[in-house]
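Asker: Let's have the full structure, built from the sequences with the hints guiding it.
Line order of the protein sequences matches chains A and B. Residue numbers for the first sequence, in the UniProt record's numbering: 1 to 317. Residue numbers for the second sequence, in the UniProt record's numbering: 1 to 317.
If you're looking for bench data, these hints aren't it; they were derived computationally from the structure. Since we're looking at a predicted model, the values are computed, not measured. Hints should not be assumed to be uniformly reliable.
Because identical chains share one entry, a pair is satisfied inside a single copy or across any pair of copies.
[Said to hold, decoys possible] Only pairs whose alpha carbons sit at most 30 Å apart, straight line, appear in this in silico BS3-like list of lysine-lysine:
| hint | residue 1 | residue 2 |
| --- | --- | --- |
| 1 | K269 | K88 |
| 2 | K61 | K106 |
| 3 | K269 | K100 |
| 4 | K290 | K88 |
| 5 | K106 | K269 |
| 6 | K61 | K290 |
Protein chains: 2
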Amino acid sequence: MNLVTIDDIRAAADRIAGAATRTPLLTCLWSDPDRPLWLKPENLQPIGAFKIRGAYNAIAKLTDEQRAKGVVAYSSGNHAQAVAYAAKMFGINAWIVVPKDTPQVKVDATRAHGAEVVLSEIGQREAVADEIVAERGAALIPPFDHPDVIAGQGTIGLEIIADLPDVDLVLVPVSGGGLISGVAAAIKALRPTAQVWAVEPELAADTAASLQAGELVSWSVDDRNRTIADGLRSQPSPLTFAHQQAFVDGIVTVSEDEIRETVALLAHKSNLVAEPSGAVATAGYLYRAKELPEGRTVAVVSGGNIDTDLLADLLSR
Amino acid sequence: MNLVTIDDIRAAADRIAGAATRTPLLTCLWSDPDRPLWLKPENLQPIGAFKIRGAYNAIAKLTDEQRAKGVVAYSSGNHAQAVAYAAKMFGINAWIVVPKDTPQVKVDATRAHGAEVVLSEIGQREAVADEIVAERGAALIPPFDHPDVIAGQGTIGLEIIADLPDVDLVLVPVSGGGLISGVAAAIKALRPTAQVWAVEPELAADTAASLQAGELVSWSVDDRNRTIADGLRSQPSPLTFAHQQAFVDGIVTVSEDEIRETVALLAHKSNLVAEPSGAVATAGYLYRAKELPEGRTVAVVSGGNIDTDLLADLLSR
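Answerer: Spelled out as C-alpha cells, the structure:
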C-alpha cells in the first residue's frame, strides 16, 4: 500500500496556505518541567477544527473540470463544516449528507457555509452520497480514508517541526486515523528520533485493540458511541491503519472523567475552548505520564466545537 | 515629548522573539462580511496576556549590570505575572509589590514564577516599590508608563501588518494606554491609511473623556473600579496620552452587559477564553458598528485570565 510521503505533505502545505490558519505552538507554564508541553491549537482554525486542512487539500487537488461539478461529503461533524467551507472558498457546490436525526444546530451551521444539506434515512448516508456522485458527477471527499486528506492533516506535523525542531514526543488523538497518519508521516520523515503516540478514549479503543492485534479489530457502533468524545467514534481504514503501523510508536487510552477534566483545564490554564475529542491528547499527557516517553512534548488540540452548555457544566464541577 | 518609533518597535520584536508567542490572526466566520473580523489572540501568551511583550522588552533593554540587581513591579494583575515570568527567563530576582488584600490565588500565581511577593498596606504599593529600588538597586518596570514597555506592546502592530497588510481598522482596549500607544505607533508608521480606535468600558471611560477634552481628565479610583474589566481600571500617563493624541483616530465605549456577552461569544464562536478586559475590543466591533469605520478589522483580545467560576456563569446565561 502506498503511504503518504513528505513531498505530498509539503505540496499540501503550499495548497492550504491562506485557507487554513498557521497555528503557533503554545507554551504551557503549568506543564511538568521534565516534560515541557506545547499545545498545537487546531481548535482555532476557521471552522474550529483541523479538518479544514485535509478537506481543502483534497478539493484543491481536483482538476478544474472535476471541481466545477461540486463535492459531496457524508458527516454531521467537523468534516462537514470543513468541506462546506472549503467549497465556498472555491465557489463550487457542496452537498452534505446527514442522517434525519441530526440536530438542527449542526444542519444550520452547515447551511451557513452555503452547502446544500441532504437528509438521509439513518444508516443510508453513504448510499445517498453515492447517488449524488453518480447523478451529478460530484467528487466525494471522505473524512479520512484518502491520501489527499491525510496529506492535508500532515501539514500539522510540518509546522510542529518548524517551530520545535527538537521535539521528542507528539501526542495525537485517534479515530478514523487521518490526522495521526499525516502528522506521523511528517514527523518521522523530518525527525525520525521523535516519537508519535496516539491517544484514544477507553470507551472507543478500537485502534488500541487493532495495534495490539496487528490487524484491524472492529468495535460496534454502539460501543464506540459511548464516549463523550463525539469526534472520535470512527474506526481506521486499511489505509490509515497502514500509516499507523508504519509510523506510530504507541498508544494510550484515557477515561471519560479524564477527558472532561482536561476540557476544563485547557480553558482554565491555557485559555482554549476544546471539545472533548480535542482534549484527548492533552489528557494523555496529564494522566498517562508513566506510560509515555519523557522530553519535549506537543499535544494536538484537534478541535473546539463544544456545546456551550456542556462547556459551562464542565467548568462548574 | 519623544514618542516611540517604528525602529524602537522593530528592535523590541527582535528582543522578544522566542519569549513571547508569535500569535496568528484568527478568521471569524461569524463576522459581518462587509467588515470581516480577525482576532489577535494575546490571551494565548505564556502568562495569558500581552503584558509579556512589554515587560520582557524592558528587562532585555537593561544593561547586564542593572539586570543583575533584579527588577521590581507593583501590580496584582497580568503585568505582575509578566515581570515575574520574564525575570525567571533571565534568571534574575523579581520583587512584586501587592496590597495586603490581594486574593491568595494571584499571590500564588506570582510566586509560582519564582518572584518574591512583597505585601504592602493598601495605597502604599508605589512607596514600597520605591524602597526596594533604593535599597537593592533593582530596576522598576512600570506597567505602561515607559517607552520600552510601549515598544514591546507595539510588536502586536508589526505582526498585524505582516499578516494582514491591507487592514483598515484595528480595535484596541485602553486603560493605562501602553498597549494602544505601541500598536497605534506601529500601524500608523506602516499603514497610515489604517485607522486605530480605542475601546473602553463605559464605567471607566476616563480616556474617552480625556481625548474629548484634549487633556488628561481624571476619574476617581472608585468610579473606575466599577467595571468588570479589571484590567482596564488604570488611567493614561502623559506619555501614553501623547501617543494616543498623535496616533489614535477615535474611541468608543461599551457597556458591562456587552462585555459579558462578548466573553461568552468568544468562547462559543472562536474557542477563545477571554477575560472581560480581553473581550472589550471585540465588544466594540459587535455593538458599535455604526460608530466605527468599515472594512477589514482586527480586534486585539488582550488577555484571558478570568476566574473559572465567572466564565462558567457567563456561559450559562
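Asker: Let me make sure I understand: some of the numbered hints might not hold for this structure. Which ones are they, in numerical order?
Answerer: Of the numbered hints, just 6 does not hold.
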